[in-house]
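Chains as they are written, first to last, in the working numbering: chain L, 6 to 342; chain Z, 6 to 342; chain U, 6 to 342; chain S, 6 to 342.
Rather than coming from a laboratory, the hints here were simulated on the basis of the structure.
One or more of the hints may lead you astray.
One copy or any two copies: either way a pair holds, since identical chains are not told apart in the list.
[Said to hold, decoys possible] Straight-line C-alpha distance at most 30 Å; calculated DSS-like pairs for lysine-lysine: (1) K310 - K11; (2) K83 - K323; (3) K124 - K333; (4) K153 - K72; (5) K323 - K310; (6) K206 - K94; (7) K310 - K32; (8) K310 - K207; (9) K11 - K52; (10) K11 - K220; (11) K84 - K11; (12) K333 - K220; (13) K52 - K310; (14) K75 - K310; (15) K72 - K52; (16) K161 - K75; (17) K123 - K310; (18) K323 - K72; (19) K72 - K310; (20) K11 - K206; (21) K11 - K32; (22) K220 - K84; (23) K153 - K84; (24) K207 - K161; (25) K323 - K11; (26) K200 - K32; (27) K220 - K153.
The residues making up each chain are set out below.
Protein chains: 4
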Amino acid sequence: MIIVLKPNSSAAVIDHVLERIRELGLKPHLSTGEHRTIIGVIGDENKLQTQPLQAIPGVEQVLPIMKPFKLASREFNKKDTVVQLGKVKIGGGSLAMIAGPCAIESLAVLDEIAGAVKKAGANILRGGAFKPRTSPYSFQGLGEDGLKYLRDIGVKHDMPVVTEVMDPRQIPLVERYADMFQIGARNMQNFDLLKEIGQTKKVVLLKRGMSATVKDLLMSAEYVLSEGNPNVVLCERGVRSFEDSTRNMLDMSAVPNVKGQSHLPIIVDPSHATGRPDLIPALAMASVAAGSDGVHIEVHSCPEKALSDGPQALLPPKYAEVMAQIRKLAEILGRTF
Amino acid sequence: MIIVLKPNSSAAVIDHVLERIRELGLKPHLSTGEHRTIIGVIGDENKLQTQPLQAIPGVEQVLPIMKPFKLASREFNKKDTVVQLGKVKIGGGSLAMIAGPCAIESLAVLDEIAGAVKKAGANILRGGAFKPRTSPYSFQGLGEDGLKYLRDIGVKHDMPVVTEVMDPRQIPLVERYADMFQIGARNMQNFDLLKEIGQTKKVVLLKRGMSATVKDLLMSAEYVLSEGNPNVVLCERGVRSFEDSTRNMLDMSAVPNVKGQSHLPIIVDPSHATGRPDLIPALAMASVAAGSDGVHIEVHSCPEKALSDGPQALLPPKYAEVMAQIRKLAEILGRTF
Amino acid sequence: MIIVLKPNSSAAVIDHVLERIRELGLKPHLSTGEHRTIIGVIGDENKLQTQPLQAIPGVEQVLPIMKPFKLASREFNKKDTVVQLGKVKIGGGSLAMIAGPCAIESLAVLDEIAGAVKKAGANILRGGAFKPRTSPYSFQGLGEDGLKYLRDIGVKHDMPVVTEVMDPRQIPLVERYADMFQIGARNMQNFDLLKEIGQTKKVVLLKRGMSATVKDLLMSAEYVLSEGNPNVVLCERGVRSFEDSTRNMLDMSAVPNVKGQSHLPIIVDPSHATGRPDLIPALAMASVAAGSDGVHIEVHSCPEKALSDGPQALLPPKYAEVMAQIRKLAEILGRTF
Amino acid sequence: MIIVLKPNSSAAVIDHVLERIRELGLKPHLSTGEHRTIIGVIGDENKLQTQPLQAIPGVEQVLPIMKPFKLASREFNKKDTVVQLGKVKIGGGSLAMIAGPCAIESLAVLDEIAGAVKKAGANILRGGAFKPRTSPYSFQGLGEDGLKYLRDIGVKHDMPVVTEVMDPRQIPLVERYADMFQIGARNMQNFDLLKEIGQTKKVVLLKRGMSATVKDLLMSAEYVLSEGNPNVVLCERGVRSFEDSTRNMLDMSAVPNVKGQSHLPIIVDPSHATGRPDLIPALAMASVAAGSDGVHIEVHSCPEKALSDGPQALLPPKYAEVMAQIRKLAEILGRTF
């Protein structure tokens with residue numbers, strides 16, 4: 006950590022800062038420049054990271070040198086983490102192809118969709134039983150019934166299933182039925198939820214918050230990892246921006262950006278990122294080309310009657326087309342699903 | 006609601022849309038233009054709002070005419086809502102002057118700060134017992150001990166107290182000690198939390214999420230209101246932006262924007278909006294001039310030793326100066342605190 | 006265009022709006038709903054688009070139905086435009102692989118870089134002679150000398166050349182030396198520049214502004230097209246966002262988004278979008294997979310001595326690696342360069 | 006400047022960096038930490054600011070300590086700059102109250118508006134003769150005729166006049182008629198325009214770009230100042246954001262933020278920031294309370310017939326009301342206009 010003092014800081018100010026650093030068991034390293042005095046701090050920077058040094062009178066800037074996450078960092082684990090979900094591998098060249106409806110609506114509709122996406126090559130089935138909806142008057146999900154349908158259809162089609170958990174109290178219930186927890190964008194910084202998911206061993210799909218930086222996302226992963234659960238899969242799903250023709254802005258650079266800083270797998274969800282079926286095929290291809298460890302796509306056999314987010318779902322035949330293209334792409338990249 | 010069809014839509018497509026509208030008990034109103042066919046829908050638009058009409062083949066755009074919130078709307082209640090918090094009124098010309106440390110650290114420090122802000126004119130005391138922190142390695146709050154300190158110091162200085170609740174399971178505990186719940190920015194769309202707070206009658210301070218539009222904020226208020234709790238105070242606290250010299254960007258226009266659309270009181274928090282004590286005084290003044298129903302400011306007697314967000318806290322003498330200025334301003338505007 | 010009136014609008018208000026519409030030679034179509042009166046307007050919507058109908062008392066919302074651009078629209082030209090630049094085709098399956106240094110520094114350095122990128126497969130050479138720099142104290146470009154070097158090296162390596170024009174007065178000079186004008190992000194809404202470039206017949210590379218929506222970009226293209234120059238190539242190069250680990254945020258969805266709405270070719274510039282060489286290879290691949298008509302990459306043989314934007318340049322061997330990958334990808338997609 | 010090396014950098018890497026620093030006539034100061042080697046650089050940081058040190062292999066981060074602007078900085082001039090515009094003073098407690106129509110349409114309309122705003126207390130008249138319009142099909146301004154009307158009406162009502170200049174070639178013409186140049190948001194980084202305006206001595210109103218940070222704005226001011234023109238007035242007019250109910254997001258914190266870093270006056274334009282007349286009065290008040298040196302408001306006597314931006318204009322009686330409120334506010338703040 007580097008502490009930059011204001012111009013013309015008095016000796017008393019400098020001494021006060023040095024003293025505070027030594028109080029924390031660290032070694033200050035003074036460097037007096039032409040315009041500014043700078044103090045380098047040697048020792049465990051983590052001790053400093055939670056100290057409000059910026060608030061000391063006379064301090065102009067505090068510049069951290071180290072990343073604030075550890076277990077999620079590439080330094081901690083040089084090799085790519087491969088998460089195992091039943092027979093499906095995620096990471097290290099194996100792609101998670103997650104597909105299904107936004108919300109679970111009925112056994113029959115889910116069965117139809119699952120059969121179609123499985124045939125097209127999907128290896129994980131998604132479906133929401135608890136739905137975070139902007140409006141209290143919108144469909145809120147089928148709850149436990151939905152979870153049962155999801156598990157039964159997953160078993161029938163031999164696909165592990167993923168579903169969102171919105172509240173720590175839902176963890177035991179969801180854990181019973183699902184193979185993978187999803188933490189949605191709106192809950193990326195629901196820290197109690199992160200901690201308690203961290204106390205399970207189940208695989209987690211952690212979606213990036215709508216206003217979260219890549220660093221924020223990795224800090225949220227750190228919450229789960231630091232509680233003992235290493236099975237974290239990240240998901241880029243678009244962030245808020247001024248562009249009003251897409252629902253969010255898909256930050257494709259997050260894929261190589263995360264891969265450089267972290268060993269965790271990361272997949273992309275072009276459905277929520279754009280909200281527009283016409284853009285999903287191109288972005289699904291781009292995600293795999295960018296190095297993502299999978300793609301998450303919403304599919305519905307009758308979007309106009311879907312109870313949630315119908316307008317952004319792909320029809321099964323369109324999904325099959327996209328998957329055929331991705332298969333060719335994966336081949337030249339040496340990846341499989 | 007207005008449905009715009011794609012150019013050259015066939016009669017079959019038009020009929021299908023008309024039929025779907027009639028199925029919902031609504032009346033379609035066809036209008037054939039030079040370039041497009043447009044269908045106006047007459048009847049209860051709420052029935053349509055949750056239908057995925059956009060997903061019907063042939064539909065180009067769906068344009069809602071009505072606002073998606075009801076109980077929070079100005080149409081629902083023409084008069085400004087005045088929320089009562091003990092002897093303090095919020096709204097209708099009465100300002101909530103909320104102040105205190107970011108986190109509750111000890112009885113002594115809280116007492117010192119409370120005494121100072123009370124003297125300066127604050128009428129509500131704040132302090133966090135459960136802290137949402139980006140890093141799992143940061144101080145997470147004192148929990149119930151913190152709540153006890155807060156209540157005791159509030160009683161001692163005769164100020165109602167507000168503190169954050171992060172998890173629905175904390176509601177009964179926090180309800181016991183606090184006069185006002187705070188729902189933080191990160192939980193603005195934690196819908197389970199909103200619903201259960203809505204089932205209490207306690208006053209809620211609902212902070213705007215970092216990527217929430219004003220409409221999103223009002224939709225979250227609608228969650229609380231629709232469960233039966235009318236005591237909602239909104240809070241603008243800055244949103245994410247590209248400007249990197251302030252922590253967030255304070256959206257001052259949210260104040261008159263909310264007041265035009267809703268009857269609920271709205272206050273401003275320049276501390277979290279900027280993270281910079283040098284900017285807080287000017288923005289506190291601006292908030293009151295913009296018509297806000299109060300100001301929320303973090304104050305700490307020793308920011309450099311604060312356990313959370315020290316660098317953004319004002320020192321008590323600075324807070325007293327700001328309050329003296331605000332008092333003069335409030336007077337010419339006909340407001341009181 | 007649809008005009009939504011405020012609730013309970015009086016007959017006088019309605020009549021006044023109807024009259025204004027008829028004054029413009031258009032036909033109003035009244036529709037009285039339960040909550041709102043709505044007026045559809047039949048006729049040439051363009052006449053209305055520039056009228057301040059929103060300002061008429063009693064009008065709540067004005068909802069345009071038609072897109073504001075015409076010549077740039079897919080409706081105007083169903084087939085993809087293919088722009089010809091010497092022997093190079095851009096669009097319709099032919100990729101523009103633009104590479105070179107940010108700024109032209111000397112004949113020798115440019116020659117070295119040009120030789121390397123040509124060998125790797127680049128088909129257009131870039132280099133800046135007039136540089137828009139945030140600081141007046143930064144290197145501002147070599148001007149005409151730079152243009153000469155660029156032309157000479159382009160001829161030597163048989164590559165058409167592209168360079169930025171910042172001011173309408175530079176057009177005749179740049180036209181003499183370059184094969185393709187570049188309009189930089191900061192000038193995307195320099196309307197005089199757009200108009201005068203539109204009066205030439207030379208190919209234009211029009212970069213998206215840092216806060217421009219896709220619609221804004223297409224409106225700027227419309228300026229060039231409406232003056233008679235049909236040779237416009239669009240370029241996505243990232244927009245401003247809150248993410249602070251990349252210089253801008255690459256909006257990959259702009260590629261299929263533009264392709265759906267417009268017949269113009271669009272390429273991607275991952276160099277300016279990220280400012281980070283470690284992210285460029287993945288994003289270059291993703292761009293082609295997303296359907297872009299080319300990739301623009303800055304390459305420098307000695308980034309640490311570059312006079313502009315050195316830190317974001319790829320080294321020639323790295324560029325060659327990326328191009329080898331892209332070649333394999335282009336093949337399976339049926340594209341060539 | 007501080008250079009942070011990658012972990013485990015070899016002696017050769019370190020030596021290479023040290024050598025590059027010495028080449029520039031600067032003194033490196035090595036500091037070997039537990040995790041990282043850090044090099045402080047002593048001497049004129051400006052020499053380094055334009056060097057691509059980040060591109061040197063082995064360098065992880067380059068952290069500037071000094072601000073990149075000089076003449077615009079508070080360090081350069083501790084006292085607030087007061088710009089003189091005829092009899093009107095801007096800065097140092099004197100407020101610029103700029104008002105007028107978006108575009109100049111006719112002598113009669115301008116006269117009517119000017120008379121009304123003058124009476125309400127405006128001290129500078131605005132009006133556009135060259136209009137930057139998103140669409141090539143929109144009204145582009147009256148050009149020189151407009152400038153003549155503006156000057157004549159300004160003389161008649163004894164108000165200095167301000168108007169936008171979009172192209173360096175318009176400078177001599179606009180200089181002849183106007184008392185103050187306006188550089189619009191879209192041209193904030195039109196560096197040729199900035200430089201040539203800097204070569205005149207006329208007062209400039211420099212508006213913040215839609216995606217410009219406060220630092221970018223001050224760097225653009227530096228362009229004008231460094232050419233010899235000290236008469237710069239900055240203007241906050243909102244930036245692009247995801248909030249879709251206002252045209253832009255007014256960054257009120259820019260006012261105290263600029264005042265802390267710079268001696269230049271800054272005014273606020275709530276008209277362009279919001280595009281909504283219902284929000285302008287509250288934000289005009291807030292701007293003055295935040296410490297701005299003036300307010301820029303568009304006023305039109307018949308917004309529904311305005312040729313540009315009618316829907317955002319205030320009617321003269323509303324403007325008079327706002328000004329009466331601002332007068333009371335200015336009084337308690339010790340400011341005058």
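Structure-based check of all given hints:
1. Taking the shortest alpha-carbon separations for K310 and K11, only the inter-copy value of 20 Å comes in at or below 30 Å, while the best intra-copy value is 63 Å.
2. When the C-alpha separation of K83 and K323 is checked against a cutoff of 30 Å, the pair qualifies only between copies, where the shortest distance is 22 Å, while the shortest distance within a copy is 38 Å.
3. Taking the shortest Cα distances, K124 and K333 sit within 30 Å of each other both inside one copy (16 Å) and across copies (27 Å).
4. In this assembly of identical chains, K153 and K72 lie within 30 Å of each other by CA distance neither inside one copy nor across copies; the values are 42 Å within and 36 Å between.
5. Taking the closest pair of Cα atoms, K323 and K310 come within 30 Å of each other only inside a single copy of the chain (18 Å); across copies the shortest separation is 49 Å, beyond that limit.
6. Taking the shortest alpha-carbon separations for K206 and K94, only the intra-copy value of 16 Å comes in at or below 30 Å, while the best inter-copy value is 49 Å.
7. Proximity of K310 to K32 under the C-alpha cut-off of 30 Å is restricted to the inter-copy arrangement: shortest distance 19 Å between copies versus 65 Å within a copy.
8. In this homomeric assembly, K310 and K207 never come within 30 Å of each other (Cα to Cα): the closest approach is 33 Å inside a single copy and 39 Å across copies.
9. Taking CA atoms no more than 30 Å apart as the test, K11 paired with K52 passes in both settings, with 23 Å inside one copy and 21 Å between copies.
10. Within a single copy, K11 and K220 get their C-alpha atoms as close as 28 Å, and across copies as close as 19 Å, so both meet the 30 Å cut-off.
11. For the identical chains of this complex, K84 and K11 are inter-copy neighbours only, at 19 Å across copies versus 43 Å inside a copy, given an alpha-carbon limit of 30 Å.
12. In this assembly of identical chains, K333 and K220 lie within 30 Å of each other by CA distance neither inside one copy nor across copies; the values are 33 Å within and 33 Å between.
13. With identical chains, the CA atoms of K52 and K310 are at most 30 Å apart between copies only, with a shortest distance of 13 Å across copies and 55 Å within one.
14. For the homomeric pair K75 and K310, the shortest alpha-carbon distance between copies (25 Å) is at most 30 Å, but the shortest distance inside one copy (45 Å) is not.
15. Proximity of K72 and K52 under a CA criterion of 30 Å is satisfied in both settings, with 13 Å inside one chain copy and 29 Å between copies.
16. For a Cα distance limit of 30 Å, the shortest separation of K161 from K75 qualifies neither inside one copy, at 40 Å, nor across copies, at 43 Å.
17. Taking the shortest Cα distances, K123 and K310 sit within 30 Å of each other inside one copy (22 Å), while across copies they are farther apart (53 Å).
18. For the homomeric pair K323 and K72, the shortest alpha-carbon distance between copies (27 Å) is at most 30 Å, but the shortest distance inside one copy (42 Å) is not.
19. Taking the shortest alpha-carbon separations for K72 and K310, only the inter-copy value of 23 Å comes in at or below 30 Å, while the best intra-copy value is 47 Å.
20. When the C-alpha separation of K11 and K206 is checked against a cutoff of 30 Å, the pair qualifies neither within a copy, at 48 Å, nor between copies, at 34 Å.
21. With identical chains, the CA atoms of K11 and K32 are at most 30 Å apart both within one copy (21 Å) and between copies (21 Å).
22. For a Cα distance limit of 30 Å, the shortest separation of K220 from K84 inside one copy, 20 Å, qualifies, whereas the shortest one across copies, 40 Å, does not.
23. For the identical chains of this complex, K153 and K84 are neighbours neither inside a copy (37 Å) nor across copies (48 Å), given an alpha-carbon limit of 30 Å.
24. In the homo-oligomer, the alpha carbons of K207 and K161 lie at most 30 Å apart inside one protomer (21 Å), although the nearest pairing across protomers, at 48 Å, exceeds that limit.
25. Taking the closest pair of Cα atoms, K323 and K11 come within 30 Å of each other only across two copies (20 Å); inside a single copy the shortest separation is 60 Å, beyond that limit.
26. With identical chains, the CA atoms of K200 and K32 are never at most 30 Å apart, being 33 Å at best within one copy and 48 Å at best between copies.
27. With identical chains, the CA atoms of K220 and K153 are never at most 30 Å apart, being 36 Å at best within one copy and 35 Å at best between copies.
Consistency note: the structure conflicts with the earlier hints numbered 4, 8, 12, 16, 20, 23, 26, 27.
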